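Student: Got chain C sorted already, so can you dock chain V onto it with the hints?
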Amino acid sequence: MKKVLIVDDDMDYLFQMKMKVEKLGFEVITAEGQYEAEHVLETFKPDLAIFDLMMENEDSGFILSYKMKRRYPDVPIIIATAVTAETGMSFDVHSEEERKWIKADLYMDKGIRADQLQREINKLLKI
Amino acid sequence: MEIIKIMVVDDEPGIRSGVSRVLRDFTVSYPFMDEACKFEIIEAPTGEDAIEMVNQNLPDIMLLDNKLPGIQGIEVLEYVSKNHLDILVVMITSYASLEVAVKATKNGAFDFIPKPFTPQELRSSIETITKQVYFRRMTKKLNTAGKQIRFQFLSVLSHELKAPLNAIEGYLNMIEEKQFGDNVEDYKQIVDRSLDRVKGMRSLIMDLLDLTKIESGSTNRDVKELNIIDVAQLSLDSMKPFAIQNDVFIYLNNHQEIIMKADAREMEIVFNNLISNAIKYNRKDGRVDISIKPKDNFVVIIVSDSGIGMSEDDMSKLFNEFVRIKNQKTKNISGSGLGLSIVKKIVDTYEGDITVTSVPDKGTTFTVTLPLNH
Numbered sequence: 030m031k032k033v034l035i036v037d038d039d040m041d042y043l044f045q046m047k048m049k050v051e052k053l054g055f056e057v058i059t060a061e062g063q064y065e066a067e068h069v070l071e072t073f074k075p076d077l078a079i080f081d082l083m084m085e086n087e088d089s090g091f092i093l094s095y096k097m098k099r100r101y102p103d104v105p106i107i108i109a110t111a112v113t114a115e116t117g118m119s120f121d122v123h124s125e126e127e128r129k130w131i132k133a134d135l136y137m138d139k140g141i142r143a144d145q146l147q148r149e150i151n152k153l154l155k156i
Numbered sequence: 220m221e222i223i224k225i226m227v228v229d230d231e232p233g234i235r236s237g238v239s240r241v242l243r244d245f246t247v248s249y250p251f252m253d254e255a256c257k258f259e260i261i262e263a264p265t266g267e268d269a270i271e272m273v274n275q276n277l278p279d280i281m282l283l284d285n286k287l288p289g290i291q292g293i294e295v296l297e298y299v300s301k302n303h304l305d306i307l308v309v310m311i312t313s314y315a316s317l318e319v320a321v322k323a324t325k326n327g328a329f330d331f332i333p334k335p336f337t338p339q340e341l342r343s344s345i346e347t348i349t350k351q352v353y354f355r356r357m358t359k360k361l362n363t364a365g366k367q368i369r370f371q372f373l374s375v376l377s378h379e380l381k382a383p384l385n386a387i388e389g390y391l392n393m394i395e396e397k398q399f400g401d402n403v404e405d406y407k408q409i410v411d412r413s414l415d416r417v418k419g420m421r422s423l424i425m426d427l428l429d430l431t432k433i434e435s436g437s438t439n440r441d442v443k444e445l446n447i448i449d450v451a452q453l454s455l456d457s458m459k460p461f462a463i464q465n466d467v468f469i470y471l472n473n474h475q476e477i478i479m480k481a482d483a484r485e486m487e488i489v490f491n492n493l494i495s496n497a498i499k500y501n502r503k504d505g506r507v508d509i510s511i512k513p514k515d516n517f518v519v520i521i522v523s524d525s526g527i528g529m530s531e532d533d534m535s536k537l538f539n540e541f542v543r544i545k546n547q548k549t550k551n552i553s554g555s556g557l558g559l560s561i562v563k564k565i566v567d568t569y570e571g572d573i574t575v576t577s578v579p580d581k582g583t584t585f586t587v588t589l590p591l592n593h
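Protein chains in written order, with this note's numbering: chain C, 30 to 156; chain V, 220 to 593.
These are calculated hints, taken from the structure and not from any lab test.
There may be inaccurate statements among the hints.
[Unchecked claim] Below 25 Å or equal to it, Euclidean Cα-Cα: the simulated SDA-like pairs (lysine to any residue) are:
#1 Lys47/C x Asn385/V
#2 Lys563/V x Glu87/C
#3 Lys96/C x Asn385/V
[As the list claims (entries may be wrong)] Pulled a few chain C residues facing chain V out of the computed Cβ check, cut under 10 Å:
#4 Asp39
#5 Met40
#6 Asp41
#7 Tyr42
#8 Phe44
#9 Met46
#10 Met48
#11 Lys49
#12 Lys52
#13 Thr72
#14 Met83
#15 Lys139
#16 Gly140
[To be verified] Per label pair, the in silico range of CB-to-CB distance:
#17 Lys96/C x Asp411/V: 32 to 40 Å
#18 Leu153/C x Glu395/V: 24 to 32 Å
#19 Glu395/V x Glu87/C: 27 to 35 Å
#20 Met48/C x Lys459/V: 24 to 32 Å
Computed from a predicted structure; not experimentally measured.
Heads up, the beta-carbon is just placed ideally off N, CA and C, and yes, glycines get one too.
For reference, chain C alone in the conformation it holds in the complex (with noise of 0.2 Å):
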């Protein structure tokens, strides 16, 4: 089975991912936060990994994923976020230029539907 890590410091929203993800049938690893997921990541390996963006920093899931992508490059991040919707700010990774400083291979809404979410997982596991 393969193994999603899921990292957000909304207990609820983790808890609703996990069961979400679970459903898809796959194995869900949780962390609360950038730091217990840095921590999680030292000995262990997932074949995707989904962040929450601002954690215990405004850009936490950007930090974190910068590292886990220097240890294991080759497994696909997804950054789950709310922030378009409430800032305006709107970033996406698909411009090269962009990929260069976000680490991560998708940006997704973090109202995301089971049907959509399945999806994307799949094309980034090229299942």
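Tutor: Quick look at chain V alone, frame taken from chain C:
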């Protein structure tokens, strides 16, 4: 008086003391300035010293000789520009090297003072630069006080408001889809979590209302003589159930009347926030000690707890809006992240002072000093 800090980096003691002497009693004032500027001189004999001192005591202006015994002036300038330090650098140079001048300008040197210079030349250079420093300070103040802060506040606020809504919506969807089957009992946990989030959101909205009241200024304020001990007692009484729930004991250590001029509602907000924090971040069977004493023309309010404490780093961010100290020990404690920023705002309107000391796993002490006759 606005104080402008000038660092003189020169290996010749004569130049350093000369600059100090010339600028010691010198003041600069322009019609557009609210206050005249005067100068504080910091002396650095080498470039290495300058770099070290810059990190402890950031000057506004740096008078920088290029010929130094160790690293050259131009390297100090590179350091300043690389680290984006907000310093106007003025190179002191004998016109010898065009190359140095070009390189210096490229690295953001603001001006040159040819060496040797007369006291008058130095003063007139400093006068021009001071105007620049003053403008920069004003712009910075306007920016920080204004739009940027507002935008950040609103975006974080909407995040804080949306997060509980998302959580509740998620749970409602799970109930609607009957994800745990037909037995109502099996939904207890997620219903409880939803109710918790509703509660959190309500307290955030209450805090926001407090904040709006304070920010809207004096219109609704009712400043009159009151006994601050009464306000503390009132707040303590209202916090008692919460304390009992958390197995924490509150002690008010003195009961002698202290009369001060203040808005009772604002004082209550201060006490409510400090006491509820002291309860929340405490341990089982912990205590909260409140001491209120007059000192000269001030009242000193000390609220200390026997709780989980916090690190130096956490303390420095504590009074900012939406700052919540997040770690293993605090993860089950809810809060809006606005309480202490509200307390700070109130204390500021009284021209008072709030400080914090803390030892991890031992406890935290907040000290609020307010004038008796504001």
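Student: Look at each hint and say if it fits the structure.
Tutor: Right, here's what the structure says about each hint:
1. Lys47/C x Asn385/V: Holds, at roughly 15 Å.
2. Lys563/V x Glu87/C: holds, 23 Å
3. Lys96/C x Asn385/V: violated, 28 Å
4. Asp39: holds, 6 Å
5. Met40: Since chain V brings a Cβ to about 8 Å from Met40/C, closer than 10 Å, the hint holds.
6. Asp41: holds, 4 Å
7. Tyr42: At about 6 Å, which falls below the 10 Å cut-off, the nearest Cβ of chain V leaves the hint on Tyr42/C intact, so it holds.
8. Phe44: With Cβ-Cβ at 8 Å, under 10 Å, it holds.
9. Met46: holds, 9 Å
10. Met48: holds, 7 Å
11. Lys49: holds, 9 Å
12. Lys52: Given a least distance of 9 Å, the restraint on Lys52/C holds.
13. Thr72: Not OK, violated: Thr72/C not within 10 Å of chain V, min 18 Å.
14. Met83: holds, 7 Å
15. Lys139: OK, holds: Lys139/C within 10 Å of chain V, min 6 Å.
16. Gly140: Check passed: Cβ of Gly140/C comes within 7 Å of chain V, closer than 10 Å.
17. Lys96/C x Asp411/V: 32 to 40 Å: holds, 35 Å
18. Leu153/C x Glu395/V: 24 to 32 Å: holds, 29 Å
19. Glu395/V x Glu87/C: 27 to 35 Å: holds, 33 Å
20. Met48/C x Lys459/V: 24 to 32 Å: violated, 39 Å
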